[in-house]
Amino acid sequence: MSLLSVHGLKVAYGGIQAVRGIDIEVAEGELVCLIGANGAGKSSTLKGIMGLAHPRGEVLLAGERLHKLPTHAIAARGLALVPEGRGVFGRLTVAENLDMGAYARRDRAGIQADLARAYDLFPRLAERRAQLAGTLSGGEQQMLAIARALMGRPRLLLLDEPSMGLAPLMVRKIYETIAMIAAEGVTLLLVEQNAHLALKVSQRAYVMESGEITLSGASAELAANPRVRAAYLGE
Amino acid sequence: MDIFTQQLINGLVLGSIYALVALGYTMVYGILELINFAHGEVTMIGAMVALSVIGVLLGASPDLPGLMVVIAGLLVAIPACMALAFGIEKIAYRPLRKAPRLAPLITAIGVSIILQNVAMLVWGRQYVSFPAILPRGQHEILGAHITDLQIAIVVLSLLSMAGLWLLVEKTRLGRAMRATAQSKEVAELMGVNVDRVISYTFIIGAAIAAIAGVMVSAYYGLAHYYMGFMLGLKAFSAAVLGGIGNIAGAMLGGLLLGVIEALGAGYIGDLTGGFLGSHYQDVFAFLVLILVLVFRPSGLLGERVASRA
Ligand SMILES: Nc1ncnc2c1ncn2[C@@H]1O[C@H](COP(=O)(O)OP(=O)(O)OP(=O)(O)O)[C@@H](O)[C@H]1O
Ligand SMILES: [Mg+2]
Chain S
-4 MSLLSVHGLK VAYGGIQAVR GIDIEVAEGE LVCLIGANGA GKSSTLKGIM GLAHPRGEVL
56 LAGERLHKLP THAIAARGLA LVPEGRGVFG RLTVAENLDM GAYARRDRAG IQADLARAYD
116 LFPRLAERRA QLAGTLSGGE QQMLAIARAL MGRPRLLLLD EPSMGLAPLM VRKIYETIAM
176 IAAEGVTLLL VEQNAHLALK VSQRAYVMES GEITLSGASA ELAANPRVRA AYLGE
Chain R
3 MDIFTQQLIN GLVLGSIYAL VALGYTMVYG ILELINFAHG EVTMIGAMVA LSVIGVLLGA
63 SPDLPGLMVV IAGLLVAIPA CMALAFGIEK IAYRPLRKAP RLAPLITAIG VSIILQNVAM
123 LVWGRQYVSF PAILPRGQHE ILGAHITDLQ IAIVVLSLLS MAGLWLLVEK TRLGRAMRAT
183 AQSKEVAELM GVNVDRVISY TFIIGAAIAA IAGVMVSAYY GLAHYYMGFM LGLKAFSAAV
243 LGGIGNIAGA MLGGLLLGVI EALGAGYIGD LTGGFLGSHY QDVFAFLVLI LVLVFRPSGL
303 LGERVASRA
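Residue numbers (this note's numbering), protein chains in the order written: chain S, -4 to 230; chain R, 3 to 311.
Honestly, the hints are just simulated from the structure, not real lab data.
Certain hints may be false.
Unchecked claim - Label-pair restraints from in silico Cβ distances: (1) 127(S) / 97(R): 29 to 39 angstroms; (2) 104(R) / 15(S): 30 to 40 angstroms; (3) 101(R) / 16(S): 26 to 36 angstroms; (4) 86(S) / 165(R): 18 to 28 angstroms; (5) 16(S) / 100(R): 46 to 56 angstroms; (6) 204(S) / 100(R): 46 to 56 angstroms; (7) 49(S) / 104(R): 20 to 30 angstroms; (8) 180(S) / 187(R): 27 to 37 angstroms; (9) 123(R) / 133(S): 51 to 61 angstroms; (10) 86(S) / 232(R): 31 to 41 angstroms; (11) 132(S) / 187(R): 49 to 59 angstroms; (12) 131(R) / 86(S): 38 to 48 angstroms; (13) 168(R) / 3(S): 34 to 44 angstroms.
Unchecked claim - Residues of chain S placed beyond 10 angstroms of chain R at every Cβ, according to the derived structure: (14) 16; (15) 24; (16) 85; (17) 168.
This structure is a prediction, so every number in the text was calculated from the model and none was measured.
Ideal Cβ placement from N, Cα and C applies to all residues, glycine included.
Same shape as in the complex, but just chain S:
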């Protein structure tokens, strides 16, 4: 059984249909990516899964129906979204941001252990733990956003364009981190514009165009598909 099953997900803003009834499956331990051009509806899909933007359709986590729940309850069930543009709390310190990531948890000992691990994983954040998050560089904010999401011990981590606006070196670092997180067994659904990266790091992929899924399959196969190569890999 899939960890995440999305059936007929629709998201609309006023009259604009951003997501037009799509299906997505993510198995436990899998890294799946969703690629597509600007405005294809990728971010809207992730928001819809999290119960933001008044979605319609079904979202199941290990068979449990999430789509009737408010966003905070979905988050508490183990879904974490690192939103486009990172969404760190700029006027909270780095440490307070990480605490917010563990907001739904009550196991103090576990939270402390995960905090130590987060600082291990991102030494940069450890150095800056008392600093306001708004004063971090873009790359550091992206690390903080990912670390904060991990503080919730998510069963499924949704990442929305983690490479956006970052220099190549930082992009590589972020993607090494993502690979590491995946290797630890966290299930991931990754949205990317950068199809090269996304298809390399993921096992399966969905291609989205104008609110619909037009292609899906193993990432290696999609990377070889002439249509994908022409449209998303710039060849």
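Following the hints, put chain R with the ligands in place on chain S, whose structure we already have.
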């Protein structure tokens, strides 16, 4: 007697009351960008409820110690105001959460008028006097007088502010409130029940307003269904002076406004050659409001420009 020191003391006492009321405005603005015009009326209801309780207790047994009677009034007024603010937010503001900004603002004015009228029906048009049951000791410092009541007001205000500060800075709820103030959507993504945090914000502000309402009626020796209007406007001015949305700003703005007002009232006669008397003291709050809005709209400690109200 030293007029300057005396007015400084009077100003700090009044200012600490303004600061408490200003906190309610600023906390709600910080989270919802809503100017909760009904907050002054919540303060008034706090005073009225406390006075009713005090009246009942004294009626039942006039020999009860005055301080205990007032504390009993306060202990009823606080939950009454909390419940009132909870209801106001839920019924009047929550349905308008996604409406254009003008809608909740006008609703807030409407709620404030409703509360005034309800208070008038329940407690009448007359001034309700605060019975003289509190200790009335007087002390001399630096050539000026300070009463037991004034000391109690300042101390209780400082304690309330310290308590709020700890709550906002050090607790899980406080962190969730600050996160929600920055982004409701991301706070929800962290598992924060934003609706509940907003309710708590109103409730906490109302508890502090109840304390302020009881103190101000004890200080002036009376309460009135209309008292929330001027008190609310001044506290709002104080919040803007400090930087609306900023908690430390509300505290600073309240104290400063109290002092400005008291010194202004003390010297306005001299300054205008006797043309204007001290009953013009209300002018200063609004003079300050206008000057701040013109020259420093973000207030003393504010970061954001408060021009969207
Ligand atoms: N809050 C909103 N209000 C109105 N329209 C929106 C909103 N958010 C997105 N849209 C519209 O929905 C469509 C899909 O947007 P979405 O952000 O999901 O695309 P995307 O695939 O994430 O694009 P990008 O790669 O540029 O981030 C676009 O046409 C966009 O203009
Ligand atoms: Mg997007």
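Hint by hint, here is what the structure shows:
no.: 1; hint: 127(S) / 97(R): 29 to 39 angstroms; verdict: holds, 35 angstroms
no.: 2; hint: 104(R) / 15(S): 30 to 40 angstroms; verdict: holds, 34 angstroms
no.: 3; hint: 101(R) / 16(S): 26 to 36 angstroms; verdict: holds, 29 angstroms
no.: 4; hint: 86(S) / 165(R): 18 to 28 angstroms; verdict: holds, 22 angstroms
no.: 5; hint: 16(S) / 100(R): 46 to 56 angstroms; verdict: violated, 25 angstroms
no.: 6; hint: 204(S) / 100(R): 46 to 56 angstroms; verdict: violated, 30 angstroms
no.: 7; hint: 49(S) / 104(R): 20 to 30 angstroms; verdict: holds, 23 angstroms
no.: 8; hint: 180(S) / 187(R): 27 to 37 angstroms; verdict: holds, 28 angstroms
no.: 9; hint: 123(R) / 133(S): 51 to 61 angstroms; verdict: holds, 58 angstroms
no.: 10; hint: 86(S) / 232(R): 31 to 41 angstroms; verdict: holds, 33 angstroms
no.: 11; hint: 132(S) / 187(R): 49 to 59 angstroms; verdict: violated, 23 angstroms
no.: 12; hint: 131(R) / 86(S): 38 to 48 angstroms; verdict: holds, 46 angstroms
no.: 13; hint: 168(R) / 3(S): 34 to 44 angstroms; verdict: violated, 48 angstroms
no.: 14; hint: 16; verdict: holds, 24 angstroms
no.: 15; hint: 24; verdict: holds, 23 angstroms
no.: 16; hint: 85; verdict: violated, 7 angstroms
no.: 17; hint: 168; verdict: holds, 23 angstroms
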